[in-house]
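Under this note's numbering, think of the first position of the sequence shown as 417, with each following residue one higher.
Among these hints, one or two may not hold up.
[As the list claims (entries may be wrong)] Restraint-style ranges between C-beta atoms, simulated for each label pair:
id	residue 1	residue 2	range
1	Asn627	Gly457	19 to 29 Å
2	Thr439	Lys687	15 to 25 Å
3	Leu650	Glu544	37 to 47 Å
4	Asp460	Gly706	31 to 41 Å
5	Arg695	Leu732	16 to 26 Å
Hints in this document: simulated from the structure, not taken from any laboratory. All residues carry an ideal CB built from backbone N, CA and C; glycine is no exception.
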Amino acid sequence: MNPKVSIIVPIYNAEKYLNRCVTSILEQTYKNIELILINDGSTDSSEKIILQMQEENKDIIKYYKQENKGVSETRNYGITIATGEYIMFIDNDDYIDNDYVEQYVNVAESGKYDLVIGGHRRTSEKKEILSKTRLPDTIWGKYITLTPWARIYRREYIVENDIKFLTCNIGEDIYFNMQALIISNNIKIIDYIGYNWVFNTKSVSNTIQKNFYDVDKYRMLDETYKVLQQKNLLLKEREYVELFLFLFIIWLFIYTGKSLSYRQMKLEYNKLFGWLEERYPNYKKNKLVGLTKLEGEKLFNRIKLTIFMFLHKCKLGVVALFIYTRIWEKFNG
């Protein structure tokens, strides 16, 4: 009997966290799984840890080794070798609650959903809970976190629609999930939190967000727009997509633009929002912006969005972002 769920874990120099991650998967209450561990050219003792755990769990763990290709190609490879009816992704420094897979499978099976999405915790390396994200069951709820984890995908849906991760150093999961979210009308958001996203100060997700010029932002934006265009998805949920891209551009400056001078920020600000306006010329009139709009979003976030859109329309957005990034730098190092 084929496994119901294929769990794909890309691994790169994860010796410190790997045992905790894999153990949390092996201890699941739901047992009909295959665990695909792909060693993406690790140079530490990750392979030794994997082989030892595989020896004790040969019926569950499938181990693959390759030269370093990056997380996107590794996940894409995992999809091609998965045999389960469903696919889940877990990052090698994170861990899951013991009922995680069972919760998602039960919901996925109940409605034969293509995709089921849940919330997550942000935890410290010592398992201290830093924050919780619980998603509203609304259209916008799908766009709040476009991660590959804290969700389950029907494998046939991913394969038949040729949904892949983009090979780039930012937004590869946005490229993947934007397609997964828009193509299907059979998606469910659940009121469940079982994924633990560990705040690892040395991980790629935290170190990459430092220099604005080091990230492939334009390639990610161009390729995402292109694939939506190719699959005739540009008009479907258009207002949600353009609002997400508007917020993504703001996020880019907050997390990668703190080293930019005002002149540099203004130049890049105009370029990025120029990109958005060329493709979504009416984004400034987005009907989802407003204190009583955007169903499911927190009031505080709606207030911030409304204020920034107003400043943006008044051509004061770059000034606000420049000041905000300086404040952010002061309190976040």
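Hint check:
| no. | hint | verdict |
| --- | --- | --- |
| 1 | Asn627 x Gly457: 19 to 29 Å | holds (24 Å) |
| 2 | Thr439 x Lys687: 15 to 25 Å | violated (46 Å) |
| 3 | Leu650 x Glu544: 37 to 47 Å | holds (43 Å) |
| 4 | Asp460 x Gly706: 31 to 41 Å | violated (50 Å) |
| 5 | Arg695 x Leu732: 16 to 26 Å | holds (23 Å) |
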